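Those protein sequences? They're chains A and B, same order as listed. So the first sequence is numbered by the numbering used here: it starts at 13 and just counts up by one. So the second sequence is numbered by the numbering used here: it starts at 37 and just counts up by one.
These aren't lab readings, by the way, just hints derived from the structure by calculation. Please read all numbers here as calculations on a predicted model, not as lab measurements. Each residue gets a CB set at the ideal place from its N, CA and C atoms; glycine is no exception. Be a bit skeptical, because a hint or two may be false.
[Said to hold, decoys possible] Below, a list of computed lysine-lysine pairs in the BS3-like style, where the Cα atoms sit at most 27 angstroms apart:
#1 A:K206 x B:K312
#2 A:K112 x B:K312
#3 A:K59 x B:K161
#4 A:K112 x B:K221
#5 A:K112 x B:K104
#6 A:K206 x A:K265
[To be verified] Here are some of the chain B residues that sit facing chain A, going by a computed Cβ distance under 7 angstroms:
#7 V50
#8 H98
#9 T100
#10 A123
#11 Y212
#12 A316
#13 W322
[To be verified] Across the chosen pairs, the derived CB separations fall in these ranges:
#14 B:T132 x A:Q257: 42 to 48 angstroms
#15 A:A45 x B:S200: 57 to 63 angstroms
#16 A:S135 x B:E175: 17 to 23 angstroms
#17 A:P62 x B:K273: 21 to 27 angstroms
#18 A:A290 x B:S306: 29 to 35 angstroms
#19 A:C279 x B:R130: 39 to 45 angstroms
#20 B:T296 x A:D34: 43 to 49 angstroms
#21 A:D67 x B:V182: 31 to 37 angstroms
#22 A:A290 x B:A297: 30 to 36 angstroms
#23 A:I70 x B:R53: 30 to 36 angstroms
#24 A:A46 x B:T266: 32 to 38 angstroms
#25 A:C279 x B:S180: 42 to 48 angstroms
#26 B:T132 x A:R32: 18 to 24 angstroms
Given next are the chains, with one letter for each unit.
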Amino acid sequence: MAELTYRDAVAAGIAQEMARDDRVVFLGEDVAAAGGVFKATVGLLEKFGPRRVRDCPISEQAILGAAMGAAMTGLRPIAEIMFSDFLAVCWDIVANEIAKSRYMTNGQISLPLVIRTANGAGSRFGAQHSQAVENWAMMIPGIKVVAPAFPADVKGLLAAAVRDPDPVLFFEQKSLYSMKGEVPDGEYVDELGKAKVLRVGKDCTIVALASMVHKALDAAIILEKEHGILATVIDVRSLVPLDTQTILSEVAKTGRLFTVEENPRLCGWGAEIVSIVAEECFWHLDAPIMRITTPHVPLPSADLLEDNTIPSVARIVREIREKLD
Amino acid sequence: MSLGQEAIAAAFGVAMRPDDWTFCTYRGHAHTLARGASMEGVLGELMGRQCGLLGGKGGSMHLTDVKKGAMGSYAIIGAHLPVAAGAAWSAQYRGTEQVAVCFFGDGTTNIGAFHEALNFSAVWKLPVIYVCENNLYMEYTPISAVTAVEHPAADRASAYGLPSIVVDGNDADAVYKVASDALAKARAGGGPSLIEAMTYRHSGHSRADPGKYRPEGELEKWLLRDPVVTYRERLLKNGFNEPTLKDMEAVAMSKVDAATATAKASPLPSVDDIEKNVWADGGAAWRN
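If we strip away everything but chain B, and leave its shape as in the complex, we get (with noise of 0.2 angstroms):
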């Protein structure tokens, strides 16, 4: 899942418009939260259920919500990056200040789709954000061991004419600036931007995945600055009222509580539902 990286999708979801466009990852939870899709629809996803964003038909992997911009999320690495390029060109052909926002991890900086994606999009100047989640791990391995260049996306900016830009990936605020600056550039006809935010997964790779890969401590270390506690307590040390911050606390949690029980109240999806959509007349026949 996405703890421990939440600063990156919550600050690019405040900094974008309701008709921009979010691509991400197999990790995409938090982004397409971040976008406004309903958290009995994430929840019933996960769970397999018919109040899942996707009917139970795509799974955790492939959160989507059109309505809300969230264009997916896609479990091959680099895929989506040149298809986030194909909707900034959308944008740019029809005129519109709309920008793609497409979301990726340090590994995703070494597969082919990385490298035509963003030399294309600087070819054709699109209106696209291309923004690597650095949390220091391509699945189990440590991205140092594979990657020729210290910093995985920022180091190679320079090869498609882009400035190198890194971030605190775990500072809210600092990303919310880098976003906004990025997002202007691109609705200016400025072109695509290429960001690193540098953070840390909290848990393994996947479910089934411990994490016993790390060194000893590092864990820890990144605990202590867990995106939404050090955000807390900037909140508080800038004289934000405690009482209010603790009432919202509380009134988010009682939302989890409800979408969480509503997602579990809610049927299975339908057998029937196997052969539907695959085409738009929403069947699946190939012959008559």
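Isolated chain A, as found in the complex (with noise of 0.2 angstroms):
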């Protein structure tokens, strides 16, 4: 085991595995030769090359199309769009020909490619570099979709999703970049479509995803300490695969569910697990399900204004006791 950064695990899951296969090469904005404006793949270029890690013109259109045509024939691309925000202008390749050219061929083409992205707020980059857009790849059909809140997460995730066949979209959370954490050392790789349970309580049952985890951790302690409710925190990690059984199986034993999530209120990703939970898990529910999310508005800029916009862990807290009470 080593302590590592997350940015630190990122450089570290995209080494492991183009070490391990030469058929992974990597392209991106001031990727290279700078090593990332936010530093997570610093030391690649130097590591292996100018053949196999390649900096790009501002073209997210031309990035991510090259990355689809090079996992057509035979390469297996990691590409980065700087900001998640920016997938808004190469979403047609992501969303009409990334996502769906395996379907429409009936199997003949395969897309084994990564698109990583810095995804989410609490960076004050105002509302066009703070959006958390996972739920936008998460509706569209042929793209699997991770997002981890963990260093070790990030390096076994990353590791998954380039060893996976199809196209992944892997989120990586900005604000959580120097965040240290226990990553196993030598090769590593952890699975998509499995959600981890990172602590148990029998009163209530919550879900969460990246940031909105570490609040989520944050805020059960309070709720233990200060008001003896006992949480479950479950981290969902991918969207797609969704890791629906351990939702459910969990949701029954507390019979009480809330989701803390930092996309904008509709259609987040946690409406579509309540959903499923409001159908599958209906008889053991004690009460109604709560969404605790960002309000429908985009990300203001001012740190006081941002800080009260998405969840916080005394919103959190505030909300979960004003129901269990």
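Got two chains here, each in a separate frame; can you build the complex from them with the hints?
This is the structure we're talking about:
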């Protein structure tokens, strides 16, 4: 085991896969010589050279289109989209081309590629550089969607994503890049489609993703210490494929479900999960399900405003307490 | 369909090697056939039958035959240009002599992905050939009404450091020459080419379009330059034996008839195919 930052785990995961498989290549804006604007890909150019680690123009459609063309002709590209908000610039390539080509060609086209991107708020970048958009990806049939909360998961799930024969959108939380965590040494590969139960408590089940996992864990500690409420916390980790069974079995044990979602209210990832629970776990519920989300607004920039828009630990504690008291 | 534009697909089809790649638009029927895809596969897909190249899953606009290097027909304008660049990158990376050839219409030259793909390909010196089939109309609108320059592709080439190349797209020999030169350049590491081939489509933009926006006499003028008819005349003028030519045409027509019959006789796809081939494992599951 080693202690790595979330950003170093990104580089470690990419390096692990590039060392193992010569078909793995990496492209993006400022990713090679500069090591990435978030310094998440430092050292890769030095280790693997300019043939395999390439800087691109500001051309998101070309970057993802090229990744797609390379993937269908024998390579296993990792493409970076610097801020997840920019996926909107090249959404055609993601949603209409990459997601649909295998299906439309009845299996002729294979696209073993990974698109990794810096997602989410908390870094004061304003509305167009702070969105959490993993829910956009979840809605499109044909792409897998992953959002790790811990450095170990970054390395392991990135490795799993690279080895996956299908296209994967890998959402890194930019506000977590400096976070430290234990990461297994040596070759480490995790599994897509597996949620993790991080904490067990009999009173309620909290389902969270990425940065909200840490807020949920902090809230659970306060709920227990100050209010005697014992919460289970589940890190979803993978939206597609979704580990529905873990979520359903945990909700059945407590009878109360709360989601904590960074997406704006409408059609956040939790909306689908609560719909599944309401349909398949209804008779185990003791009370209505509650989603704790960002309100349905673009994100404001000022520190005070941003902190009070995305779910805070205080708001999570308050909203759960109000429902359980 | 491709009626009236056949010379471009045919000439490139002959000039290309089997391991080169074709990327084309929803008007990809001639291109897919020119790479060697079976007629019953193409006709079957148009009819939504099991024998279709895509088993009825993709339809007329998405003809693909990966085994023949036909890497897809793309229905979103411009999307396949950067994809072709990616295939070319793969060849460059793996050190093969493969070339990606990307066909699109005049209207494509005004969309963002065109610009991104051309610049990207030029900077990385990729073995990709971009072929603009200028049939004078962007769907229902004359291309001249919506483009700032006269030659929508060739007049943009200098923006990417590339030479301006215009060719008579209805002259198969002329296209073959330009294609061969561009392929040789790409294989030698000389980078991308942008070629504008002047042509005309005999039908409307789609099945729904009778093409009434065309000025009087324009269609008739271009029918006189039908690439298939004029090439036939050229063969005969150069001494090709006419009875032999007639036999070849008869054989071709009977093959078309046979393929049509095969496609018509092919069963409809199973509704079980709906949830197949979203993923590499052949399934569509998003949850456990």
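Status of the hints after comparison with the structure:
1. Only pairs whose Cα atoms come within 27 angstroms are accepted, and K206 (chain A) paired with K312 (chain B) is accepted, the gap being roughly 23 angstroms.
2. Under the criterion of a C-alpha separation no larger than 27 angstroms, the hint pairing K112 (chain A) with K312 (chain B) is consistent with the structure, at around 12 angstroms.
3. For the given pair, K59 (chain A) sits about 24 angstroms from K161 (chain B) by alpha-carbon distance, which is consistent with the 27 angstroms threshold.
4. Note on K112 (chain A) and K221 (chain B): the hinted pairing is violated, with a Cα-Cα distance of about 33 angstroms set against a maximum of 27 angstroms.
5. Between the alpha carbons of K112 (chain A) and K104 (chain B) the distance comes to roughly 21 angstroms, so the proposed pair stays at or under 27 angstroms and holds.
6. For the hint pairing K206 (chain A) with K265 (chain A), the CA-to-CA distance comes to about 19 angstroms; that is within 27 angstroms, so the pair holds.
7. Hint status for V50 (chain B): violated, given a least beta-carbon distance of 22 angstroms to chain A, over 7 angstroms.
8. The criterion of a C-beta within 7 angstroms of any C-beta in chain A is met by H98 (chain B), whose closest approach is roughly 5 angstroms, and the hint holds.
9. At its closest, the beta carbon of T100 (chain B) sits 4 angstroms from a beta carbon of chain A; the interface hint therefore holds under the 7 angstroms criterion.
10. Among the interface hints, the one on A123 (chain B) holds; its C-beta lies about 4 angstroms from the nearest C-beta in chain A, closer than the 7 angstroms criterion.
11. The beta carbon of Y212 (chain B) is not positioned within 7 angstroms of any beta carbon in chain A (closest approach about 25 angstroms), and the interface hint is therefore violated.
12. With a least beta-carbon distance of about 4 angstroms to chain A, the hint placing A316 (chain B) at the interface is held under the 7 angstroms criterion.
13. Residue-level restraint check for W322 (chain B) holds (minimum Cβ-Cβ distance to chain A is 5 angstroms; threshold 7 angstroms).
14. Taking the beta carbon of each, T132 (chain B) and Q257 (chain A) are about 45 angstroms apart, inside 42 to 48 angstroms as hinted.
15. For A45 (chain A) and S200 (chain B), the hinted distance range of 57 to 63 angstroms is not satisfied, since their beta carbons lie about 33 angstroms from each other.
16. The given range of 17 to 23 angstroms is broken by S135 (chain A) and E175 (chain B), whose C-beta atoms sit roughly 44 angstroms from each other.
17. A hinted range of 21 to 27 angstroms for the beta carbons of P62 (chain A) and K273 (chain B) is inconsistent with their spacing of about 54 angstroms.
18. Remark: the range hint 29 to 35 angstroms for A290 (chain A) to S306 (chain B) is upheld by a beta-carbon distance near 33 angstroms.
19. Range check, C279 (chain A) to R130 (chain B): about 41 angstroms between beta-carbon atoms, so the 39 to 45 angstroms window is met.
20. For the pair T296 (chain B) and D34 (chain A), the supplied restraint of 43 to 49 angstroms holds, since their beta-carbon distance comes to about 46 angstroms.
21. At about 34 angstroms, the beta-carbon gap between D67 (chain A) and V182 (chain B) stays in the expected band of 31 to 37 angstroms.
22. Taking 30 to 36 angstroms as the suggested C-beta distance range, the pair A290 (chain A) and A297 (chain B) does not conform, at roughly 53 angstroms.
23. At roughly 34 angstroms, the beta-carbon separation of I70 (chain A) and R53 (chain B) lies within the given 30 to 36 angstroms, and the hint holds.
24. Distance hint check for A46 (chain A) and T266 (chain B): the Cβ-Cβ separation is about 56 angstroms, which falls outside the suggested range of 32 to 38 angstroms.
25. Range check, C279 (chain A) to S180 (chain B): about 43 angstroms between beta-carbon atoms, so the 42 to 48 angstroms window is met.
26. At about 22 angstroms, the beta-carbon gap between T132 (chain B) and R32 (chain A) stays in the expected band of 18 to 24 angstroms.
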